[in-house]
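**Student:** Sequence:
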Amino acid sequence: MKFMKDIQRLWDWLGRWGQVLFVALLVNSLLFNFGGPEWLRNVVGFVATISGVVLGAKLILKAIRHSIWRLRNRLIVTYVFIGLVPILLIATLTLLALWAMSGQVAVYLITSEFNRRMESLKGTAGFILREPPGRRVERVKQIGAFLSENFPDLRIVLTDPARHTYPEDSTVQLPPESWKDATGLVSINGEIHGWVNVSSDRGRIMIAVPMTRDFLSGLVPQLGSVSVVTFPQEGVKAITTPKKRNPSLLVNGAPVPAPAGQVPAAVSSWDLEVLWASPTQISSFDSPGSQMPALFSVRTRISAVGRVLLSQKADWDSNWALILIYAFGVLFLVIETVALIVGVSLTRSITNTVHDLYEGTERVKEGDFSHRIRLKGKDQLAQLGASFNSMTERVEQLLQVAKEKERYEAELEIAREIQKQLYPRQVPESPKLKLTALYKPARMVSGDYYDYQRVASDQLALALGDVAGKGISAALLMATIQSSFRTQIKTCIEQASSAQAAGGEFLCDISTSKITSLLNQHLYANTPPEKFATFVFGVFNEATSVLRYTNAGHLQPILIRRGEAIRLEVDGMVIGAFPFARYGESQIVMESGDLLVFYTDGISEPENEYGEMYGEDRLTELLVKNATKSDEEILEMIIDAVERWTGSPELQDDMTLLVARCL
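For what it's worth, numbering that gives the first Met the number 0 labels the leading residue of the sequence shown as 0, then goes sequentially.
It is possible that part of the hints are untrue.
[Claimed, not checked] With a Cα cut of at most 27 Å, we get these calculated DSS-like pairs of lysine-lysine:
{"#": "1", "residue 1": "K433", "residue 2": "K419"}
{"#": "2", "residue 1": "K433", "residue 2": "K628"}
{"#": "3", "residue 1": "K513", "residue 2": "K530"}
{"#": "4", "residue 1": "K364", "residue 2": "K404"}
Simulated from the structure, these hints should not be mistaken for lab results.
Using the sequences and the accompanying hints, generate a full structural model.
**Tutor:** Here is the structure:
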């Protein structure tokens with residue numbers, strides 16, 4: 000029995016989506032082990048995935064709600080989202096902006112320096128052609144020797160119309176005559192060169208420099224690694240890596256050996272590595288007009304770009320710029336630290352006061368009105384604490400004044416508290432039947448009685464009674480009925496458990512008519528003749544959805560099914576009045592959506608100012624119109640309707656309702 004209850008509790012704890020996930024996994028396991036259609040396994044797997052995601056989301060949301068229940072945690076989360084998250088976003092955005100700007104500036108510095116050097120070579124080529132023909136060769140040697148220091152492996156080819164080269168053993172040929180003036184990148188024998196081609200009526204001259212990594216990285220020293228990335232096209236001769244040089248080149252997307260220019264070391268964890276590129280074109284030496292797409296690629300760091308920019312001497316020293324940046328950074332850090340300290344201080348002041356108020360309300364709820372809140376500061380929160388202390392002090396004074404009256408009513412209050420304990424504290428969980436109850440006593444104690452409990456793994460017992468009269472005597476008789484009823488139920492369960500322990504089957508087949516007869520005899524033997532009660536008792540079988548019941552002189556329960564009202568039968572007279580009374584037993588099969596309402600005469604018999612009772616017909620009409628609403632809403636609507644009918648704040652009789660909805 001305990002094992003089954005544990006299983007039931009676990010099943011209920013899983014909830015709807017957890018149950019769906021468990022069933023889907025079980026079905027999927029069976030299909031996998033014993034074979035099954037692939038489409039069915041896919042459907043079951045999809046259902047398991049969806050239910051698992053939903054269940055996980057619900058558990059996460061539940062954990063989040065639990066973690067931020069306290070105001071302190073809520074304020075911390077609020078501070079994180081309002082104060083810290085924007086700062087992190089701004090810092091991230093700033094870092095990304097610096098990263099992108101550094102890449103753009105680095106590429107700009109490289110391309111600008113490359114274009115400047117090519118323009119200088121173009122001017123040099125024009126200067127050579129403007130020299131008299133007899134002096135051009137000597138001028139080529141002089142200029143070539145001078146330029147070779149800044150342009151390693153420089154090649155110059157001159158024709159006027161005789162052909163001269165620098166160095167003299169150079170094998171570089173002049174481009175086709177269709178080439179006119181050109182400057183930029185060109186592919187010569189599969190190698191990338193920076194070149195200048197000048198053609199005029201005085202002759203032709205070409206100056207070419209291999210674009211090695213050393214050369215490119217030396218365009219802007221200390222910046223980082225510079226390379227050219229090519230994207231060969233169909234029908235265009237691929238550019239290959241020469242053996243004697245280490246050019247800045249990626250061949251068909253594959254990396255070449257490590258570059259001469261190294262990426263600078265990071266100065267901090269925020270000093271990100273930057274990889275940026277700028278589009279360019281590489282001309283084909285043998286095919287004028289044919290071009291291949293390429294990229295100037297720069298790999299550097301944010302600090303390296305800053306050093307290069309700040310190293311360009313202006314009217315002030317670059318160290319002061321760094322000092323100014325660091326100063327602003329330190330100032331920002333100080334401001335943020337002060338804001339954090341102030342925020343934490345304010346948060347603690349708020350949460351401490353709220354916590355003191357919470358503790359105070361808990362103490363007041365327990366009846367300790369002598370508790371006082373510690374007052375700190377002179378703000379509104381402190382005034383709130385002072386108001387709370389004033390309130391508890393006044394309440395304590397009122398309690399002292401009412402002490403004599405309280406002493407007079409102490410026994411009645413004790414009786415009321417005891418009676419509260421007689422009602423069921425927890426609604427038994429059931430996959431087929433939902434139970435909801437509500438009672439409002441006309442006085443401090445009530446003569447109405449309702450009860451429900453699980454009597455077997457698949458059976459629920461429910462009962463409702465109304466003792467004649469009001470006040471203490473009715474409450475005592477109600478306690479007698481409750482005690483006797485639960486004793487009979489417990490005896491039946493123990494007999495079934497004993498039979499199971501003896502090797503038999505656990506069968507708790509409760510006879511509602513028999514238990515009602517035993518209650519009648521017990522009340523008649525232990526109460527005065529004028530004391531009696533109406534009583535209705537039923538047992539619901541979850542496996543068959545059958546409700547077996549005995550109605551002993553009680554108002555007929557109302558069953559709402561598909562918009563129609565059905566009144567259950569009465570199976571005998573009241574209990575406790577006659578020892579010879581006999582009781583029958585009825586049953587009804589509950590269907591999904593059925594709404595069964597048990598009620599006492601405090602619902603149907605209250606009168607308005609004209610002496611007219613509310614009546615069962617009005618109650619039935621109200622139930623038919625609102626059967627689809629939630630049980631709690633229905634109960635509130637019934638109580639509100641009866642109170643509006645009487646027009647009086649005082650109840651004429653105890654009001655008790657028990658609603659059973661078939662799921």
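**Student:** Please name the hints from earlier in the document that this structure breaks, with their numbers sorted from lowest to highest.
**Tutor:** The structure conflicts with no hint, since it agrees with every one listed earlier.
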